Amino acid sequence: MPIQYYIFFCLTLFSIGMIGVLTRRNAIIVFMCVELMLNAVNLLLVAFSKMHYGAALQLAPSTTAGIDAQIFVFFIMVVAAAEVSVGLAIIVMMYRNTHSVDINFLNRLKN
Amino acid sequence: MNTLEILFFALSAFAIVSAIMVLVSKNPIHSVLWLILVFFAISGHYILLNAQFLAIVNIIVYAGAIMVLFLFVIMLMNVKNEKEPQKKLLTKFIGVISGGSLLVLLISLVKQTSQLQGKQVLMKEGTIGLIHPLGKALFNDYVLPFEISSVLFLSAMVGAVIIGKK
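Line order of the protein sequences matches chains A and B.
According to our numbering, the stretch in the first sequence is residues 1 to 111, in order.
According to our numbering, the stretch in the second sequence is residues 1 to 166, in order.
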């Protein structure tokens, strides 16, 4: 499979996530779109890792080239899990204060 | 067209349609359910790339833990979907236009890049996605980031509790 197909697919998912961040006002949906963008990047990292692995496999049969990208994806998932827990706590706190999850309430951070 | 290509295009179309449904759905719970379908499609892509460990971790962590957390928060807040204010139509239009132009720009850039021409992704084969080599790399070369991430988790846990208790 050519690498371009993976890039186009991941770019489409990333752009859909970006459109969601730009057009929705519900903070939870905006947060979910950020997760979607993160997942598109993860898939692209794995595709590039397999691309480099396939190229290195022809030179040396026992290579582990490209394994770093998969470890990176693992760490991105770890950081995303921590980020989601803190972010949802912030959204819950915001809902408790304003009784809404509209992000336009947050347009001024003072007061 | 062989089986791998059919699976690739089917999973891609499924993921893109589900991702669009995440945006279009009025009810946040429906959005979460569509997003879970996107994550399952991406796990299918990982399996096609023989990244089995990441496929399972994606299902367990994303579709299992994170999305349940989202659902839990939405149901806890009991957000009425008719109460959600919509952005102005002009703002939505501008958002879609800017996102679409980013997509077109990046696709045209990728099409022109000569380094990516003719590069193939190795599918269905290769051992680097299995648990054995990944575990070896994780606990030899990346053991320090692994330990640091546990500290990160601890601080995230403490932070979530402190923010939530206020």
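Treat the hints loosely; a few may be bogus.
In silico SDA-like pairs for lysine to any residue, Cα to Cα no more than 20 Å straight-line [as the list claims (entries may be wrong)]:
(1) B:Lys119 <-> A:Val86
(2) B:Lys92 <-> B:Val104
(3) B:Lys119 <-> A:Gln58
(4) B:Lys119 <-> A:Leu11
(5) B:Lys124 <-> A:Arg96
(6) B:Lys88 <-> A:Leu57
(7) B:Lys136 <-> B:Lys119
(8) B:Lys124 <-> B:Asn50
(9) B:Lys165 <-> A:Arg96
(10) B:Lys92 <-> A:Val21
(11) B:Lys26 <-> B:Leu11
(12) B:Lys136 <-> A:Pro61
(13) B:Lys26 <-> B:Ser101
(14) B:Lys166 <-> A:Leu106
(15) B:Lys26 <-> B:Val96
(16) B:Lys119 <-> A:Val30
(17) B:Lys166 <-> B:Ser155
(18) B:Lys119 <-> B:Ile16
(19) B:Lys119 <-> A:Leu45
(20) B:Lys88 <-> A:Leu59
(21) B:Lys119 <-> A:Ile7
(22) B:Lys124 <-> A:Asn107
(23) B:Lys166 <-> A:Ala60
(24) B:Lys124 <-> A:Ile7
(25) B:Lys92 <-> B:Ser108
(26) B:Lys124 <-> B:Leu4
(27) B:Lys119 <-> A:Val21
Don't read these hints as lab results, they were simulated from the structure.
Predicted model, so just to flag it, every value in this text is computed and none were measured.
Evaluated hints:
About 40 Å separates the Cα atoms of Lys119 (chain B) and Val86 (chain A), which puts this hinted pair outside 20 Å; it is violated. A distance of roughly 18 Å separates the Cα atoms of Lys92 (chain B) and Val104 (chain B); the hinted pair therefore holds under the 20 Å criterion. About 13 Å separates the Cα atoms of Lys119 (chain B) and Gln58 (chain A), which keeps this hinted pair within 20 Å; it holds. For the suggested pair Lys119 (chain B) and Leu11 (chain A), the alpha carbons sit about 18 Å apart, so the restraint of at most 20 Å is met.
With a CA separation close to 49 Å, the supplied pair Lys124 (chain B) and Arg96 (chain A) exceeds the 20 Å bound. Between the alpha carbons of Lys88 (chain B) and Leu57 (chain A) the distance comes to roughly 53 Å, so the proposed pair goes past 20 Å and is violated. Between Lys136 (chain B) and Lys119 (chain B), the direct Cα distance comes to roughly 28 Å. Violation of the 20 Å bound is thereby established for this hinted pair. Proximity of Lys124 (chain B) to Asn50 (chain B) is assessed by CA-CA distance (about 5 Å); at most 20 Å being required, the pair is judged to hold.
As the CA atoms of Lys165 (chain B) and Arg96 (chain A) are separated by approximately 11 Å, the hinted pair is consistent with the 20 Å bound. For the given pair, Lys92 (chain B) sits about 10 Å from Val21 (chain A) by alpha-carbon distance, which is consistent with the 20 Å threshold. Straight-line distance between C-alpha atoms of Lys26 (chain B) and Leu11 (chain B) comes to about 24 Å, which puts the hinted pair past the 20 Å bound. Taken as a hint, the Lys136 (chain B) and Pro61 (chain A) pair is honoured in the structure, with Cα atoms around 18 Å apart against an allowance of 20 Å.
A distance of roughly 25 Å separates the Cα atoms of Lys26 (chain B) and Ser101 (chain B); the hinted pair therefore is violated under the 20 Å criterion. This hinted pair checks out: Lys166 (chain B) and Leu106 (chain A) have alpha carbons roughly 18 Å apart, not beyond 20 Å. For the suggested pair Lys26 (chain B) and Val96 (chain B), the alpha carbons sit about 17 Å apart, so the restraint of at most 20 Å is met. Of the supplied pair hints, the one linking Lys119 (chain B) and Val30 (chain A) is violated, its CA atoms being roughly 35 Å apart against a limit of 20 Å.
Restraint check: the Cα-Cα separation between Lys166 (chain B) and Ser155 (chain B) comes to about 17 Å, which is no more than 20 Å; the hinted pair holds. Taken as a hint, the Lys119 (chain B) and Ile16 (chain B) pair is broken in the structure, with Cα atoms around 24 Å apart against an allowance of 20 Å. As the CA atoms of Lys119 (chain B) and Leu45 (chain A) are separated by approximately 15 Å, the hinted pair is consistent with the 20 Å bound. Taken as a hint, the Lys88 (chain B) and Leu59 (chain A) pair is broken in the structure, with Cα atoms around 57 Å apart against an allowance of 20 Å.
Between Lys119 (chain B) and Ile7 (chain A) the alpha-carbon distance is near 12 Å, which keeps this suggested pair within the 20 Å criterion. For the proposed pair Lys124 (chain B) and Asn107 (chain A), the alpha carbon gap of about 48 Å is over 20 Å, so the pair is violated. Our distance criterion of 20 Å between C-alpha atoms is broken by Lys166 (chain B) and Ala60 (chain A), whose separation comes to about 57 Å. For the hint pairing Lys124 (chain B) with Ile7 (chain A), the CA-to-CA distance comes to about 18 Å; that is within 20 Å, so the pair holds.
With a CA separation close to 24 Å, the supplied pair Lys92 (chain B) and Ser108 (chain B) exceeds the 20 Å bound. Using a Cα cut-off of 20 Å, the hinted pair Lys124 (chain B) and Leu4 (chain B) holds, with the two alpha carbons roughly 8 Å apart. In summary, the hint linking Lys119 (chain B) to Val21 (chain A) is not supported, as the alpha carbons are separated by about 32 Å, beyond the 20 Å threshold.
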